[in-house]
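The whole structure should be built from the sequences, with the hints applied where relevant.
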Amino acid sequence: MSVEEKYNRGNYFEDLFIGREMIHATPRTITEGDQSFYIALTSSMYPLFCNAEFARSIGFKRELINDLLTFHIVFGNSVPDISLNAIANLGYGNMKFGVPVYPGDTITTTTIVIGQKESSSGDTGVTWVQTKGVNQHDQEVLSFIRWVLMNKKEPQNITSLDSVPEIIESVPSTEFYIPDALDLSQFDPIYTGGQWFWEDYEIGERVHHVEGVAIEEAESQMAARLYQNTARAHFNAHALTNSRFGKRVIYGGHVISIAKALSFNGFENVLKILAFNSGNHTNPSFAGDTIYAWTDVKDKFTLSRNDVGALRLNLIAVKNLDPLKEEIPIRINQTNGRSAYHENVVLDLDYTVLIPRKR
Amino acid sequence: MSVEEKYNRGNYFEDLFIGREMIHATPRTITEGDQSFYIALTSSMYPLFCNAEFARSIGFKRELINDLLTFHIVFGNSVPDISLNAIANLGYGNMKFGVPVYPGDTITTTTIVIGQKESSSGDTGVTWVQTKGVNQHDQEVLSFIRWVLMNKKEPQNITSLDSVPEIIESVPSTEFYIPDALDLSQFDPIYTGGQWFWEDYEIGERVHHVEGVAIEEAESQMAARLYQNTARAHFNAHALTNSRFGKRVIYGGHVISIAKALSFNGFENVLKILAFNSGNHTNPSFAGDTIYAWTDVKDKFTLSRNDVGALRLNLIAVKNLDPLKEEIPIRINQTNGRSAYHENVVLDLDYTVLIPRKR
Amino acid sequence: MSVEEKYNRGNYFEDLFIGREMIHATPRTITEGDQSFYIALTSSMYPLFCNAEFARSIGFKRELINDLLTFHIVFGNSVPDISLNAIANLGYGNMKFGVPVYPGDTITTTTIVIGQKESSSGDTGVTWVQTKGVNQHDQEVLSFIRWVLMNKKEPQNITSLDSVPEIIESVPSTEFYIPDALDLSQFDPIYTGGQWFWEDYEIGERVHHVEGVAIEEAESQMAARLYQNTARAHFNAHALTNSRFGKRVIYGGHVISIAKALSFNGFENVLKILAFNSGNHTNPSFAGDTIYAWTDVKDKFTLSRNDVGALRLNLIAVKNLDPLKEEIPIRINQTNGRSAYHENVVLDLDYTVLIPRKR
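Residue numbers (the working numbering), protein chains in the order written: chain V, 1 to 359; chain W, 1001 to 1359; chain S, 2001 to 2359.
One or more hints might be untrue.
[What the hints assert, rightly or not] One-sided and incomplete, this derived list gives chain S residues near chain V with beta-carbon spacing under 10 Å: (1) 2054; (2) 2194; (3) 2222; (4) 2265; (5) 2294.
[Claimed, not checked] Quick look at which bits of chain W chain V covers, simulated, 3 or more residues with Cβ under 8 Å: (6) 1005-1011; (7) 1017-1027; (8) 1031-1039; (9) 1220-1228; (10) 1231-1241.
These aren't lab readings, by the way, just hints derived from the structure by calculation.
In this text, all values refer to a predicted model and were calculated from it rather than measured experimentally.
C-beta atoms are modelled at their ideal positions from N, C-alpha and C, and glycine is treated no differently.
Here it is as structure tokens:
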């Protein structure tokens, strides 16, 4: 049969040349059904995303779609073109959260390739991409850079590509999007249960999130599928039998969701995520792992309005170890003189949030 | 660092003094997404909660939120303040279901402590609380008493507390809330598939519910999370390795949901729950258990309207044993002369439902 | 106690005489919450079912309910009357998809028995039924024939029933329902990511769907429950310990959903299912199995409109074997001279879809 092969096996390193732009297929309408499922996956309690009355009390039409649900859907939408074959998702940077997403909004995602570096062995390479999600009114809801380790299609053809983009170390406060609609004049902490405002957090402070949550295979699969993230490392038990880990890996974004939901304990008044400065899935998680988390306060900023401030936080998730009982270093020195993440640390997320100031 | 510890470890026996009132944080908007998830967790077929046309045919605007979904969300909302550290949820009583909850309604939950009794050993105690949920119009949707066994913060400080509230043995029919909107003039049993009306049930009758349903860990976790019930016994696989059972315990409310959904077989025409008279999670359930259920008809009442009646029912759930094939006593006499629940009985729920009368 | 037994144990072969009509209880309102759950179960990416803007761009009011979600709910609705006790679901035929289903529509299902054949042993028999779902405006959304192997209530009473209905081998194109609202003048493949139109597919062509997806017990149970499909083979772990397989069987319809979702890869522009010509669950699937799929193009038809065409496809799902790496025959010759399905083939679905033509 001479017919052209119709199926997509995903892109390789060479397919993603610098400057290539992609409008990802299957833009998605995010519904209140998606939000319910997100709550069932995470137990997220931030009231802006599950309480219409609270949302109205601070200026919005109704509850918003959870920032991370938007992130997962934008990210998942880029997977078929970017990372279906990725060996590893190495990191995120310069991630900015834009206009609020409401149930019923439809998000379209585009990506441009901004960097590529072949590995010294020549058989793989790292690709940097900038991905952006916009709503049906073409307003930006999210943009970020990520970089992925990919296989080459033709390992023997040396490309010598070595173009690494500069990534801002942290998103500057001038780039934070603060919704115009936000009006904290009626903000009532009874909704959040939070005692702590922007002024109460000190740089260097550590806040433990106390609880531990196990992750099941069915949860990880349904999370990734809800986001239409089809990366095979999360689904193909049969093929993965012969992989490095021998089994499915939990979608790293699900660990972010779990850790962020745990962080409600101690950050109840946080309203929205403004930015991810940098994020790393430092070790894989597997079904059956229990995730704990803590937050270190890295920095604080005043903003152009004096009713809210920003906190730059370092959210650390660890597996199978209670950091309240057994304090561990985030990184350890190896015998080779280099430092590496502690083997139980599964997430190192440096991000910035919006939180009310005291009145 | 001198900063005050920001995280909440949950309350202990001493924190919940009699008369203490709490407005629980994170009131919740219940959506049709939540209802879909509830159906996926339970297969509940009662049409008032999954058929807009049926609901309209009997006087409502559209389908209502399942009574038990409302219960779980009100209950879950109280967990962070009441039972995060509970050793055991001992029982419920005097539970009254109020105005119908529609998709989109927002439920706020408050609790008042009404009793405390220190255990003889002094290291634990039982606390009785009255919890109430209201909608965004401040109409009561649910109220109940529950009592929990809690650890003391300072076991060596003997409180000698011994104040046990009186709990009504069954909710009197004068306190039943029957929605004004309910109009059974067009009630058509074709919607329910039910042949049996109030008149057809006899006191003392036993109705088996035939089917058995296994519970998976992912289902239990997602159920509890959907209700934002963060009690660690359902989630922290790591810490529970060293607990009494060595593993996670299924959220007891999920067993109520499963048993109630099974009870559709034989009680198809039941419209709503009016009250829980008393409820006990008599033994724990674990992932992999198969739940069966039967109902004993305890009592019947006429009401102020003659188109509906009330049935007082005893819903019994058992695990890993088919009660149609192997009849067991609910309680057995132990060698010490006391009686205890049969080890396979996991739920003993005495509750009252609303059901149409024959025309 | 002389009270009549109230519970339903399901129908047996003798209960379903030819000509018997049943209006199944508990018609169901399908909501956008159900659709979200369906996406989480399948990762279905066909944009007509998850993108309101795309749906509007081709003439609909908003996104439609996924064809297979409608199928599962209609099918599930018939289970308590037809197949609660079925030994096996043998096949489907003459299945026609009718008017589009929107979130909020309520589907009522009816069935008529059209054939019965006692097995030679006399203890079982096959029953053929025709099932139909209509929306709240009494418009047909789905109709199909299925046949099930059932136990007899009284195996010793030989009925000699041998009335096998004729089932059309494939649904003729004159019976396809093409929505009047469909307007492809603004169809933009950027939404689907599809490069291939009706003209591009050749009869005899094979399209692999590349990915493999594992199925978890919790997913299978929640899928069947979402559809209120209570067939005990999917739920009763306890009773099934002593069954032929010793465990729960994945709901066969879930395998159809998984395979259809995988088939997006290569058939991105497919709009809707027009018909199932015949469908067979050729082998059972169990939790932990990984499902792969491919499609063979069987036939193509022009239609009364020249903006769309129909493709008759053979969707094959296999378990625990990657058909891209290890090509297998669908059927194999057994030593007894008969042919049988390859033991890894779990689904053989002959169906017809609607797809845009080139402009």
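Results of checking the hints against the structure:
1. Hint status for residue 2054/S relative to chain V: holds, with the closest Cβ pair at about 7 Å, below 10 Å.
2. For the restraint placing residue 2194/S at the interface with chain V, the shortest Cβ-Cβ distance is roughly 8 Å, inside the 10 Å limit, so the hint holds.
3. Because the beta carbon of residue 2222/S sits about 8 Å from the nearest beta carbon in chain V, less than 10 Å, this interface hint is met.
4. The closest approach between the C-beta of residue 2265/S and any C-beta of chain V is roughly 5 Å, which is under the 10 Å cut-off, so the hint is satisfied.
5. Because the beta carbon of residue 2294/S sits about 9 Å from the nearest beta carbon in chain V, less than 10 Å, this interface hint is met.
6. Beta-carbon proximity to chain V at under 8 Å applies to 4 residues in the stretch 1005-1011 of chain W; the threshold of 3 is reached and the given coverage holds.
7. Taking a C-beta to C-beta cut-off of 8 Å, the stretch 1017-1027 of chain W contributes 5 residues in contact with chain V, enough for the three needed, and the coverage statement holds.
8. Here's how the stretch 1031-1039 of chain W fares: 6 of its residues keep a CB closer than 8 Å to some CB of chain V, so the rule of at least three is met and the hint holds.
9. Three residues within the 8 Å Cβ limit are the bar, and the stretch 1220-1228 of chain W against chain V gives 7, so the coverage statement holds.
10. Using a Cβ-Cβ cut-off of 8 Å, 6 residues of the stretch 1231-1241 of chain W lie near chain V, which meets the minimum of three, so the contact claim holds.
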